[in-house]
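Chain B: place on chain A using the hints.
First to last, the sequence lines map onto chains A and B.
According to my numbering, the first sequence is numbered sequentially starting from 1.
According to my numbering, the second sequence is numbered sequentially starting from 436.
If you're looking for bench data, these hints aren't it; they were derived computationally from the structure.
Cβ atoms here follow ideal geometry from the backbone N, Cα and C, with glycine treated the same way.
One thing to keep in mind: the hints can contain errors.
Chain B side only, calculated, beta carbon under 7 Å to chain A, not exhaustive [what the hints assert, rightly or not]:
| id | residue |
| --- | --- |
| 1 | P580 |
| 2 | G584 |
| 3 | P631 |
| 4 | D791 |
| 5 | R863 |
| 6 | G894 |
| 7 | G896 |
A few chain A residues that don't get close to chain B, going by computed Cβ distances all over 10 Å [stated by the list, open to error]:
| id | residue |
| --- | --- |
| 8 | G63 |
| 9 | E275 |
| 10 | A278 |
| 11 | A299 |
| 12 | S303 |
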Amino acid sequence: MKSLLLGAAAAAAFASPAAAQTVAITNAKLVIGDGAGPVDGGTVVIRDGKVVAAGAGVAVPAGVRVVDAGGRWVSPGIFAGFTRMGIVEVDAVEGTNDTAASGSPFNAALDVAPAVNPKSSPIAINRVEGVTRAVVAPDNSRGSIFAGQGAVIDLGADMDAVSRPRAFQFMEYGEAGARAAGGSRPAAYAMLRNALLLVRDYVRSPAAFESNSKDAMLTRADAVALVPVVQGKMPLLVHVERASDILVVLQLKKDVPSLHLVLVGATEGWTVAREIAAAGVAVIASPVADLPESFEALAATQSNIGRMKAAGVLVGMGTINQDEARQARWEKQYAGNLVAIASVPGASGLSWGEAFATISSRPAEALGMGDAFGSLRPGRHGDVVVWDGDPLEIGSTAQAVYIDGVEQPLVSRQTRLRDRYWEPKEGALPKAYQR
Amino acid sequence: MLAACATNGGGARSAGAGTPAASTGAGPGKGKGYSHDPYPSTYRVYPGAPTLVTNVTVLDGEGGRIDGGSVLFREGKIVAVGQGLTADAGTTVIDGRGKYVTPGVIDIHSHLGDYPSPGVEALSDGNEATSPATPEVWAEHSVWPQDPGFARALTNGGVTTLQILPGSANLFGGRSVVLKNVYARTVQGMKFPGAPYGLKMACGENPKRVYGGKGRAPATRMGNVAYDRQTWARAAEYKRRWDKYEEKGGEPPARDIAMDTLRGVLDGEILVQNHCYRADEMAIVMDMAKEFGYKVTAFHHAVEAYKIADLLKANSTCAAVWADWYGFKMEAYDAVNENLAILEKEGACGLIHSDDANGIQRLNQEVAKARASGIKSGFDISEATAWKWLAINPAKALGIADRTGSLKPGKMADVVLWNGNPFSVYTRPQMVWVDGALLYDAANPKLRPVSDFELGQPGEGDVK
Chain A
1 MKSLLLGAAA
11 AAAFASPAAA
21 QTVAITNAKL
31 VIGDGAGPVD
41 GGTVVIRDGK
51 VVAAGAGVAV
61 PAGVRVVDAG
71 GRWVSPGIFA
81 GFTRMGIVEV
91 DAVEGTNDTA
101 ASGSPFNAAL
111 DVAPAVNPKS
121 SPIAINRVEG
131 VTRAVVAPDN
141 SRGSIFAGQG
151 AVIDLGADMD
161 AVSRPRAFQF
171 MEYGEAGARA
181 AGGSRPAAYA
191 MLRNALLLVR
201 DYVRSPAAFE
211 SNSKDAMLTR
221 ADAVALVPVV
231 QGKMPLLVHV
241 ERASDILVVL
251 QLKKDVPSLH
261 LVLVGATEGW
271 TVAREIAAAG
281 VAVIASPVAD
291 LPESFEALAA
301 TQSNIGRMKA
311 AGVLVGMGTI
321 NQDEARQARW
331 EKQYAGNLVA
341 IASVPGASGL
351 SWGEAFATIS
361 SRPAEALGMG
371 DAFGSLRPGR
381 HGDVVVWDGD
391 PLEIGSTAQA
401 VYIDGVEQPL
411 VSRQTRLRDR
421 YWEPKEGALP
431 KAYQR
Chain B
436 MLAACATNGG
446 GARSAGAGTP
456 AASTGAGPGK
466 GKGYSHDPYP
476 STYRVYPGAP
486 TLVTNVTVLD
496 GEGGRIDGGS
506 VLFREGKIVA
516 VGQGLTADAG
526 TTVIDGRGKY
536 VTPGVIDIHS
546 HLGDYPSPGV
556 EALSDGNEAT
566 SPATPEVWAE
576 HSVWPQDPGF
586 ARALTNGGVT
596 TLQILPGSAN
606 LFGGRSVVLK
616 NVYARTVQGM
626 KFPGAPYGLK
636 MACGENPKRV
646 YGGKGRAPAT
656 RMGNVAYDRQ
666 TWARAAEYKR
676 RWDKYEEKGG
686 EPPARDIAMD
696 TLRGVLDGEI
706 LVQNHCYRAD
716 EMAIVMDMAK
726 EFGYKVTAFH
736 HAVEAYKIAD
746 LLKANSTCAA
756 VWADWYGFKM
766 EAYDAVNENL
776 AILEKEGACG
786 LIHSDDANGI
796 QRLNQEVAKA
806 RASGIKSGFD
816 ISEATAWKWL
826 AINPAKALGI
836 ADRTGSLKPG
846 KMADVVLWNG
856 NPFSVYTRPQ
866 MVWVDGALLY
876 DAANPKLRPV
886 SDFELGQPGE
896 GDVK
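Looking at chain A on its own, in the form it has when it is part of the complex (with noise of 0.2 Å):
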């Protein structure tokens, strides 16, 4: 079975293009990604790229591939809710780093689909660990609250990448806000207030709107990005992480109520859950934010998601501040911490199924995009991943990875220095000739 579907992944490396198959994967421990446990005997049928129907009782189509999982794990793959991957390679090598442009006169306006690399290194490292999807993020830079506006990714191994361009704004509050918007959260307050006065009038009248002075305190180009997250077209992904300052967000959602606003971060949002709730907006959250890393975060918990979830806030996962760039991976662990804590008197966990949702079907769902990705209900991508184990548990890996129903290929620089270096020792020729 595992010559199969490795042998499959090979082989896939090689053709190109890739074309979505017909596939049914069956006798499968499934995983559907909507907040339920795994089911066994499960089926999952891919057609076009979709899926068609994923269940214990599945009938397989006749006539299309089958693979049979021999009862393991298969599950949507990991669909990461906050990353910077493939707008930057190395961080400290500027000319690979994307992520910000502190001297740009535009903001808001930025749009990071264009810069997404599908051939860099963190994409094919994730992709073999069973990350199928990501948000991708722009970093705000000095100046301005607004970073521009982000995507939605595959880690396709095909120069395809972007899934969802101009997904979502993203905005800093807070601190960081504050730091953005000349030193104060008053002025980050101020800045985002006029952003959205002057994209009023932007829309009242285009002709009318002053924007070439150089001290115009929005360029045209803003405006028109901001325009669809006034109409409530685009969400809006703010930044913040003390209660005080989630309060004074959610405010914005009362004068605005058009808003389709999503929290991230939301460090301290387990101390104001029921107003979260109550406001119906999401949250993408980091899980292992425990320290009082700033005086904004207080009252980290590692039971933030927990509570917040038992609150009734939808809370997906995202790899706020941590590393952002490249261990979305990093998020099966996390989510597994979660059910983990359920068993410390006092914290709160969440369940294996919510927990892998976390890092599936919630985030997709923030972003109002729960009927494209995420899950294993029909009519999603075909994003399935068949794994060696439980996929939260620390040593599972990926056996077959599908994206939009095509398998990709499980090979990565990192597997291939491993490789190489698995006996160190250089040879009757150097290292260099070993391929």
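Then chain B, alone, in the frame of chain A:
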């Protein structure tokens, strides 16, 4: 180029000139020219009940495993480990059926206290980034004993011993300090009694970036090595003068606090803990150590250690590594998840480390990842063997393996009871003892430390 060291040493010179051996009062005489322990440990062992933990899987930290085993400790020390142990009346007996007992986790690379939470500038005391060589600074003089991170490392990570290092901005970053993970009002109250000092050195990108960015040496890797060698040459001369004085008496040489540290290294009394990522650079540093007659005890962040496992083994130098950090800078570009496994396979000394206030809370999971990667690649590593990476191997690299780092009779009773298999993501520390004192019990909210900083703040005393 060496002016900074000489200048910094000058202040101490005037203080010590009249009474060169003031703190020992006994020079001349070998090792008596000046005090080598002027800020001595005041750590005290807290009271503990005689305790027998039974029905557990024991990983002894040296590669041994006992199924259905027991661990007995009393008066701060391990008394016995084995099957079928019984206890006297008055011994606390804990039935650990289905659970594991291991020695306390040791992190050889931490900046807790020097870069504490909250991470604000006012508390940022980890890099004396004002000169490429600052062996005169001692990390213990920066440690804030109220860092909330110590509690998280204890309760979530089972960490009982940790080394606090100065940062890596400098080629010679200063002295490290080894701490017991027990809160105290003063850093002296946390110091591991009798642990040797370490000298933090750094090669590679950090020193050349920090100083090259200021338009001064070193700005290149060759500049790094040149500066190192100049400094070692000076240290050798300092050592020669002091050795002569301590042997024959006469006029005491001028004290130089920076050179005291380097002399300690050349005498083998201070261990070199060298931040170094790349295989080729580690090889150069090991040659440099031979040139000046010292030894690198451990490379830290040794991302490319796997490429030179044979060289490390030949030099008896350990490599402290992460399980899977990679790519954040060029010298971290060639990481593989099998780094520790390859070191183990080749018979070199490997160990895990965190360098991170979050990562220190999950070193058991990091070891589990490293082990799993090795097994998947075809090298079988037992749980007992892998536990050496966070027990006896770091203890050896800290020079304290005779006192902690494994569950052997007579050693400090630094013990963790895990509520399941600690190689599973679903397992947490249930109880942690340091020197036989129960300092964490998941079931007892009163046995959960709250640092001064957290008192009266949002989230005080919460499970973290």
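So, going through the hints one by one against the coordinates:
Checking P580 (chain B) against chain A: minimum C-beta separation of about 16 Å lies over 7 Å; hint violated. Given hint, G584 (chain B) at the interface with chain A, holds; its Cβ is 6 Å from that chain's nearest Cβ, closer than 7 Å. Against a cut-off of 7 Å between C-beta atoms, the interface hint on P631 (chain B) is violated, since the closest Cβ of chain A lies about 29 Å away. With a least beta-carbon distance of about 10 Å to chain A, the hint placing D791 (chain B) at the interface is violated under the 7 Å criterion.
At a threshold of 7 Å, the smallest CB-CB gap from R863 (chain B) to chain A is about 6 Å, leaving the interface hint in force. The closest approach between the C-beta of G894 (chain B) and any C-beta of chain A is roughly 3 Å, which is under the 7 Å cut-off, so the hint is satisfied. About 10 Å separates the beta-carbon of G896 (chain B) from the nearest beta-carbon of chain A, more than 7 Å, and the hint is not met. For G63 (chain A), the requirement that its beta carbon stay farther than 10 Å from each beta carbon of chain B is met, with the minimum near 35 Å.
Residue placement check: E275 (chain A) keeps its beta carbon more than 10 Å from all beta carbons of chain B (closest about 15 Å). Once the 10 Å rule is applied to beta carbons, A278 (chain A) is consistent with being away from chain B; the minimum gap is 20 Å. For A299 (chain A), the non-interface assignment is contradicted: its Cβ lies about 3 Å from the closest Cβ of chain B, within the 10 Å cut-off. Distance check on S303 (chain A): its Cβ comes as close as 6 Å (rounded) to a Cβ of chain B, failing to clear the 10 Å threshold; non-interface status is violated.
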